[in-house]
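Asks: Now for the letters of each chain:
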Amino acid sequence: MFFQLIVSGIAVGSVYTLVALGMTILYRSTTVVNFCHGEFFMVGAFAVVVSQQMFGWSVAPSIVFALSLMFVVGAGIERGLMRPLQNAPHISLTMMTVALSYLLKGVSRFFYGREVIALPPLISGDPIAVGDVSVFPQDLLIIGVSLIVVVVFYYFFQRTRIGKVIQAASQTPRGASLVGINVPLLRNLMWGVGAVMGAVAGILIAPNTLVYPDMGGHMLILAFAAMTLGGFGSLPGAVVGGVTLGILENIVGGYVSSSLVEITPYLVIIAVLIIRPQGIMGEWRQDRA
Amino acid sequence: MTPAGPSAHRVRKQRRYGLIALLVLLCLLPLVLNDYVQFVINTMLVYCLVAVGFNVVIGYLGQLAFANAAFFGVGAYATGLSMVHFGLPYPVAMLIGTCAGGIVGGAVGLPALRVKGYYLAIITLAVGELMRWFYVHLDNITYGSGGFNVPNIHVFGTTLTDRGKYYVFLAAVVLGITSTSLLLRSRFGRAFAAIRTNELAAASLGIAVNRTKVIAFAWSGLIVGLAGALYAALNGRVSPDTFGLSQMLMQFAIVVIGGLGSLAGSVIGAVVLTAAPELLRDFPGFEEIVFSLLLIGVLFFMPKGIGGLLARKFPLFRERLYREPTDA
Amino acid sequence: MKKFRLPALAPMFATAALALSVVATVSAFAADPGVTKDTIKIGMFGPLTGQTAIGSLPLLGAEAIYKNVNDHGGINGRKIELVVEDDACDPNKTIAAVKKLIAQDQVFMIHGGWCSSTVLAIKPELARTGLPFMDLAGASAAISTPVQPNIFQPVATSNTVAKVMVNFALTKPNTKRIAIISHSDEWGKSHLVPIIADLKAAGLEPVETAYLERGAADATSQVLRIREAKPDFVLAILYPPELTIYLRDAYKYGIKVPTVTTQGVSIEDMVKRVGIAAATKDLFVFYPLNSTLGSASMKKWTNLYTKYNPKAPVETLSFMGMTGALAIVDSLKRAGRDLTREKFIAALNKLNDFNPGIQSSPLNFTPEQHAGIQTGKVIYMPGNHPEILSRYPGK
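Chains as they are written, first to last, in this note's numbering: chain A, 1 to 289; chain B, 1 to 328; chain C, 1 to 395.
Read the hints as simulated data drawn from the structure, not as lab findings.
Predicted model only: the values in this text are computed from it and were never measured.
Backbone N, C-alpha and C fix where the C-beta goes; we use that ideal spot for every residue, glycine too.
Any given hint could turn out to be false.
Stated by the list, open to error - Chain C regions said to be covered by chain A (calculated; three or more residues, Cβ under 8 angstroms):
| hint | stretch |
| --- | --- |
| 1 | 45-57 |
| 2 | 202-214 |
| 3 | 235-244 |
| 4 | 252-258 |
Put together the whole structure using the sequences plus the hints.
Replies: Here's what the structure looks like:
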């Protein structure tokens, strides 16, 4: 049972990682904690469903459509709703993301409130058993995609020039713009990217959880817990935190009590913030300059 | 900076008469209301207190602490459970609920000393959800996820009706708001504002920052705990599902729409956001959308909330400590 | 000095006095509220929006019955006027909605409630005002126990569902080890507690009780614990989304024993969602209706439902409120033209062997027993068509 719990924990933790990565990117580029990230997750899944049902497209074009849509949505939100408020106190920005979360939920409930929609797995097939441990092909896909995303991000941010430019822009926006970097444009792009990441996570897990307007709510807390555990604002922290949280949930549920699974993220948050607030990898701070 | 307008003396006099007139009107109000509208008004009163209490921490002290729903729940549960388990009369239970809120408030204030910014927001959210888990799983004491019914409240031998509750609530709200207003006008209130603006500078002025913060949290917990006690009587039942994340976000919205750091704003925000779902009854499904559009509109056009807008136009609404909150 | 004294306050007093006099004149009404010369006003509430909006289907079914009655001349010369409120499965919102229906809309009776928590929350208000209340489809046994004279429950209670589930599991030969997976909310508890009691009466204890929360994405740890306990049968007390996750994970981790679950889940829907035939061929669902949705005897009701709700999905839930509505219509007729609340409640209490053919057993109300349905059947889908049974399919 132990290894099964670990493997499944990695699979579910990969989804947390993707969501936490998306939120971290948004946090780094605008220092705003995005309370509507769970809804990006949900809208991404719905976009795939809608394009399949309404336009009758098959899986691949639906996914492309959904991801492009989410990029536009994310960038649009930054341009239209966040940028005008950038000089307002942080509380206003936070509140704006909360308002957006209600808006997205309300709109999707308006159209699809009465139903819970099933999405067929991207890779169907029987469970694969390796010794004592079984995985669905879909689980392997989730882990695979997350791994690819993490590697791509690492390479992009640490090794390419553009990545370093973006890092500079998020660490010291004023200094970066003094050097001629187009900080607003980068912010805009990062919001698009963050939204896409949320959507990717939603599309990957939708076959398991089914698609419904409230699917993003619990994911938000799990992402918070993952980010806090790994180190708020740290990209490697989001990865470590996400996977660890997934494994932790399974271990607690399997060996302690299944009724503790739902509060594991809260316990993690409280424990981390009391014992070691900077999380496993250490937090990321933005300089004032 | 008060722009040129009526003198401070005159404004104070206007305000005093205005408040008295308002109070008289409020006392006469129940005579023209049916049970349903009375119930809605009672709900508004409860949320006025909730918003005022929340504003002390988030608007005046300037700390992003999302423990309000937890204080609310503690007040309601303490009140209800003392009536159900120990048969205590409502006034005593109300006192217990209020004190429980104050104690939990102070307790939350302690970790708030170490943790700042978004961390504080997240940990207080987590504490709120953890408390809800306790309400569900300690079902020997708390009656679990279904909650429990609060026994009817008896006053002078008769059961308290919605109209009777209104007067009790009105008295509690007036007491709560007045005492909060006095607190904010005292040196404590000034200390809150000083801490909000710049903690270091406040400390250098001799303000005991840590103690003041805990006092602010405890007071917030007290007021919101009282609101919780009223809530237990309002619905006649207490259950865990009421005190979760969505309630917390709604309370946040009330305070932002009403205006951070504005008592009048808190009241207005509570009235508006309690009335809205009732007015939207004929349009099910639109509530969330209207709510979010309202929030977005306020954030764009009235960042200081409705209270801030009124304060700009009418000196009547300007409160001494009213100032825009700095970055959280 | 500004004049905030008498001249300013006078208009306020005048308005108050005027309003008072208006209220005084309006407060005299002759007959029972909600009844006029040609209408009977019935208030309804259900989760039109929110997380459990699927629970609005019973309301649509009941509405169809009422609209159909109106189209065929009404009841004793009166048409039914409906006032529908949304409760979003929120008990506090329901209290406000019911107060509005009673105090402002002044309805004759109320027919409503899918989420049991909403119905339980308004019990005190119903007791205080005494108006007749028919539960729409809320299953908690606490609704009709202890009996309140004006509250009626026309669907199988969670006690009944629990009994049917346990008995069904025990009809499989050599079933000794039973595992349970449940939500920890009130709905889950209302089934879990009677299940454990029924098992105890049969001399058994669950070998494992696992909790899965609403909104969970994964049931691995719960399923593995159950697997370790080597059950012969699993009792699942889960809502459809979480049941789907459980069934998938159970299949993945090789739990090969049958599962029986509560009402409110549609077998066709479940098979479609899980998408793995092998995972659902051993799934048994408590079935509150008389025959399968596609059968000839349901056709009349399906047509009625789609006539008035052309765009709504047709599921098991759609029919769960209809028998209650038909019982109301029947009792209103029998109460006669001179309609009062007492006569209506008396007529309801005389409902004996009432069986329009929708639910799996007849409806019976007496002054002491307001839980009208005491039995139920089970449905499963081994192949392409659902089948109803009451015992585990033997060899």
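Asks: None of the hints should be skipped; say for each whether it holds.
Replies: Hint-by-hint comparison with the structure:
no.	hint	verdict
1	45-57	holds (count 7)
2	202-214	holds (count 4)
3	235-244	holds (count 3)
4	252-258	holds (count 3)
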